[in-house]
Amino acid sequence: MSFMKKPAVRHPNLPVNDLGLTVRDYEGGMSTLCAGCGHDSITGALVQAAFELSIPTHRFAKLSGIGCSSKTPAYFLKDSHGFNSTHGRMPSVATGANSANRDLCYIGVSGDGDSLSIGMGQFAHAIRRNLNMLYIIENNGVYGLTKGQFSAAADVGSKSKKGEANLQPPIDPCQTAITLGASFVARSFSGDKDQLVPLLKAGMRHRGFGLIDVISPCVTFNDHVGSTKSYEYTREHYHPAILADFVPPAEEIRTKYDEGEAMPVKLHDGSTIVLRKMDQDYDPTDRVSAITNLMESQTAGEITTGLLYVDESQPEMHELNNTTSVPLVDVPYDTVCPGNDMLQKIQARYR
Amino acid sequence: MNSKPSVNEFTIKIANVNGTGSASANGLLMRSLFRMGIPVVGKNYFPSNIQGLPTWYEIRASEKGHLARSGRIDIMVAMNAETYRKDLEGVAPGGYLIYDSTWPRHSLLKRDDITIIGAPLSKMCNEHFPSARARILMKNVVYVGVVAALLDLNLEVISTLLNETFAKKASLLEGNQLAIRMGYDWARANLETPLPFMAKTIDKTSDSIIIDGNTAAGLGSVYAGATVGAWYPITPSTSLMDAFKGFCETTRKDPETGERNFCIIQAEDELAAIGMVLGASWAGARAFTPTSGPGVSLMSEFLGYGYFTEIPAVLFNVQRCGPSTGMPTRTQQSDITSCAFASHGDTRHVLLFPANPEECFYSARDAFDLAERLQTPVIVLSDLDIGMNDWMCKTLEWDDNYKPDRGKVFRAADLEKMESFHRYLDVDGDAIAARTFPGDHPKGAYFTRGSGHNMYGAYTEDAGEYQEVVDRLRQKWETAKSYVPEPLIEYSDKNSIGIISIGSCDEAVREAIYDLGKEGLGINYLRVKAFPFNGDVQKFIDDHDKVYVVEQNRDAQLKSLLVLELDVNNDQLTEILHYNGLPMNAAFVTDAINQDLAKGEAA
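In order, the protein sequence lines correspond to chains G and X.
142 is the number that this note's numbering gives to position 142 of the first sequence; each next residue is one higher, with no gaps.
If you want this note's numbering, it's the position in the second sequence, counting the first as 1, plus 351.
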């Protein structure tokens, strides 16, 4: 229903954030996805997270590939630049945009088809560069727009709407990302906004590549009995391992956490994520332990969620490149042009 | 058997084995001639290989200034036993062949119409250099010494060049000087020197440099203000990004902090490279990617995206031999059609056709200006011959008053004053709408999409709204004609026949026109510098009864494009096509024209 404009009317007593903006200021156009689509819940969580962080709306850049998930950047942050790219190629566009302007908050929205099949290469290499962005995979295990083919995230044995079972092993974006050296890896569920919003906030504030794989059921093509990406199946097998509370800079950690359970992780902008272990054996700052845990839970048919792995010490792309702190888009031309005198000097070696 | 003395007009070809360090020796020989004031060109015929396959370097000296591939070899230095038979055959009658006489050559391989000179190169090296590697490397320098004596090169010039090259490597300097001297003295003592082919100091290179097109394009990109470069290595374009990086490292780095005013990303493939360029341009930087034919094929989807969403991008396509992998180390102009219409749907791209490294430098500047003015990808079509060979061209100059043409951009201050902004609204009637950069101002926000969009930037599947946008893009193509460089046109005093040509054909075509002029044939010349065609291309064709289109591909791609885009019949144009992978030479053009004219007379 893209031609329908959202009414600009708002409740007079809506709460405002530090910038005096309401949550409505962080919204976008009307969604054209199916009623009950998990993606719309994620859009809502993104709006909430951006609002709560009090980031000026135009300081975001939102990018996507192709597919149902990739349509969603039109549905949040209407005052931000958006880039709906080609299929599977959002990571390269985000890399380029970030190379030109390192100061924006980059949000990439992709799907399991977009990231794990056609875009697997670009997904992997954005991680290798530790590109400073939040990368969300809205994972429903199915190709929706082309009517129900399995994606590379479909579990073995999971059934399509027509009853056919998937035979090929799934690609787990979280395991893959940790293996490739991602510095922030989380999994969540579109039906759990309480868990998702703090993760999104932490992911936006994390310096480097932040992946959140969000199980997001497709109500039209993958919400039936026999599917392992349905609402029912996900709720039954959902296992939060590490809960994350996001604490902005200059705000005290007031909530009481039991000794040994809470693990504060300081982010580069001064904010903190307090990790609460639901699973005592799981250390989300240890790569090997994180991967082992994920593999075990996958074998057991469990969906482990929460902040699965975090490492704030990894340098991001610009730190590796030693790029000037001024965004390149704002470096004046006179600074980058060496001038004719230098040109004459340079040419001495060509005589 | 001695040929007519020929001062400052000759071609030397050196046959080597890849990976034996011959490149610097051959460069030394070429630059010695250049320093003696003699116009010169160096062409490298190398294999797609790291070590072991045959490679040749061809140096043409021409006081007259003819700097295409000469097509004849006066002096052959045959250093590769494997290609000896072929190299021997290649020498023009009356020419000379020099070989390493340390080992006997096959007695059956001989010719009576040339002079064969055996020089004990390895023997001399074995006697003077202890290490195996030095013996292999210095053998190259010794033949330079021998050739220097045969051509009567100025030893002072060679010595100075060596001093400059090895200023920081004293140990290498000594060995090189010794090797030159050894070769030179041996030739003086044992051969009749100089040959009838000889070099004489003149003053025809003082306002020139020797440079390859990739270096010049990389340098031009620095001066144009490019800050983001993304690329995937591919022959023959790789050295363009190497050059850009090198110049950035010396001119764009804070000497104290090492902080860089540039960001170069080696992408995972060409799809990602062009995606990065579009992302960076969208975010407001000047960004580019160098590539070659296979890379453009991979980039095609994104090129259509850039065209439809109107994002500036600069591509350098250093063309090589296709189709498919083709011959990666041989030259061709066979991507004209594929670049003009790269991508599905009604897509067309602005192309620039530099003819030499000098034009590569200025084309880089023009490409960024055009891409931002027209908000569309611009492809600079260079080729391996321009990109990787050593050309003599005029010293480059930069106008310090130059300001980049960023085109129509609203920044924060502009947006603050505006009521509303719509990305694809044509306000000025030139079919170019203004753009904004992310992060500047909430009013500037818009959604970039490759799917159908209307003039306000909103998603659409409405027939009329969609067509409005693609019609404007077509109108923008008309606008482009007033911005892209006009063709170069040169009329002879006789005005009978016309030649239309493109890019690196230029030198051979000019030499052909000179040679045909001596035979009394007047030829007018038009070289297209850009697509869309503009200026007097149509008029030039209409004004001639006979127009030859000279290009380096099999399928007459330039000619097809002229027929497709202009009001021209196929039979108004006669193609002359060179596509074997070697740079074209003048004789190829003169032969083709003479044959065609003779055919006409016979009929």
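One or more hints might be untrue.
Dumping the calculated DSS-like pairs for lysine-lysine here, alpha-carbon to alpha-carbon at most 30 Å [to be verified]: (1) X/Lys950 x G/Lys345; (2) X/Lys551 x G/Lys345; (3) G/Lys193 x G/Lys159; (4) X/Lys890 x X/Lys869; (5) X/Lys794 x X/Lys745; (6) X/Lys827 x G/Lys78; (7) X/Lys745 x X/Lys551; (8) X/Lys745 x G/Lys345; (9) G/Lys345 x X/Lys759; (10) X/Lys869 x G/Lys345; (11) X/Lys759 x G/Lys78; (12) X/Lys768 x G/Lys78; (13) G/Lys345 x X/Lys355; (14) X/Lys415 x X/Lys520; (15) X/Lys355 x X/Lys461; (16) X/Lys437 x G/Lys78; (17) X/Lys950 x X/Lys869; (18) G/Lys345 x X/Lys604; (19) X/Lys355 x X/Lys890; (20) X/Lys845 x X/Lys768; (21) X/Lys520 x G/Lys345; (22) X/Lys474 x X/Lys520; (23) G/Lys345 x X/Lys827.
The hints are simulated quantities; they were obtained by calculation from the structure and are not laboratory data.
Here's how the hints hold up against the structure:
For the hint linking X/Lys950 to G/Lys345, the alpha-carbon distance of about 54 Å lies beyond 30 Å, and the restraint is violated. Taking the CA atoms of X/Lys551 and G/Lys345, the gap is near 28 Å; set against the 30 Å cutoff, the hint holds. Among the hinted pairs, G/Lys193 with G/Lys159 is consistent with the structure: their alpha-carbon atoms are about 27 Å apart, no more than 30 Å. A threshold of 30 Å between alpha carbons decides the hint, and for X/Lys890 with X/Lys869 the separation of about 27 Å falls inside it, so the pair holds.
Between X/Lys794 and X/Lys745 the CA atoms are separated by roughly 48 Å; this puts the pair beyond 30 Å, and the hint is violated. The suggested pairing of X/Lys827 with G/Lys78 holds, with an alpha-carbon distance near 28 Å, which does not exceed 30 Å. Straight-line distance between C-alpha atoms of X/Lys745 and X/Lys551 comes to about 21 Å, which keeps the hinted pair within the 30 Å bound. The hinted pair formed by X/Lys745 and G/Lys345 meets the criterion: a straight-line CA distance of about 15 Å does not exceed 30 Å.
At most 30 Å may separate the alpha-carbon atoms for a hinted pair to count; G/Lys345 and X/Lys759 exceed this at roughly 34 Å. Taken as a hint, the X/Lys869 and G/Lys345 pair is broken in the structure, with Cα atoms around 41 Å apart against an allowance of 30 Å. This hinted pair checks out: X/Lys759 and G/Lys78 have alpha carbons roughly 23 Å apart, not beyond 30 Å. Proposed proximity of X/Lys768 and G/Lys78 is supported: the alpha carbons are some 20 Å apart, at most 30 Å.
For the suggested pair G/Lys345 and X/Lys355, the alpha carbons sit about 42 Å apart, so the restraint of at most 30 Å is broken. With a CA separation close to 37 Å, the supplied pair X/Lys415 and X/Lys520 exceeds the 30 Å bound. Annotation: proposed proximity of X/Lys355 to X/Lys461 holds, straight-line Cα distance about 22 Å (limit 30 Å). Among the hinted pairs, X/Lys437 with G/Lys78 is inconsistent with the structure: their alpha-carbon atoms are about 69 Å apart, more than 30 Å.
Our distance criterion of 30 Å between C-alpha atoms is met by X/Lys950 and X/Lys869, whose separation comes to about 21 Å. Using a Cα cut-off of 30 Å, the hinted pair G/Lys345 and X/Lys604 holds, with the two alpha carbons roughly 17 Å apart. Of the supplied pair hints, the one linking X/Lys355 and X/Lys890 is violated, its CA atoms being roughly 45 Å apart against a limit of 30 Å. This hinted pair does not check out: X/Lys845 and X/Lys768 have alpha carbons roughly 61 Å apart, beyond 30 Å.
Simply put, X/Lys520 and G/Lys345 have alpha-carbon atoms about 22 Å apart, close enough for the 30 Å limit, and the pair holds. At roughly 25 Å between alpha-carbon atoms, X/Lys474 and X/Lys520 fall within 30 Å of each other, so this suggested pair holds. For the suggested pair G/Lys345 and X/Lys827, the alpha carbons sit about 40 Å apart, so the restraint of at most 30 Å is broken.
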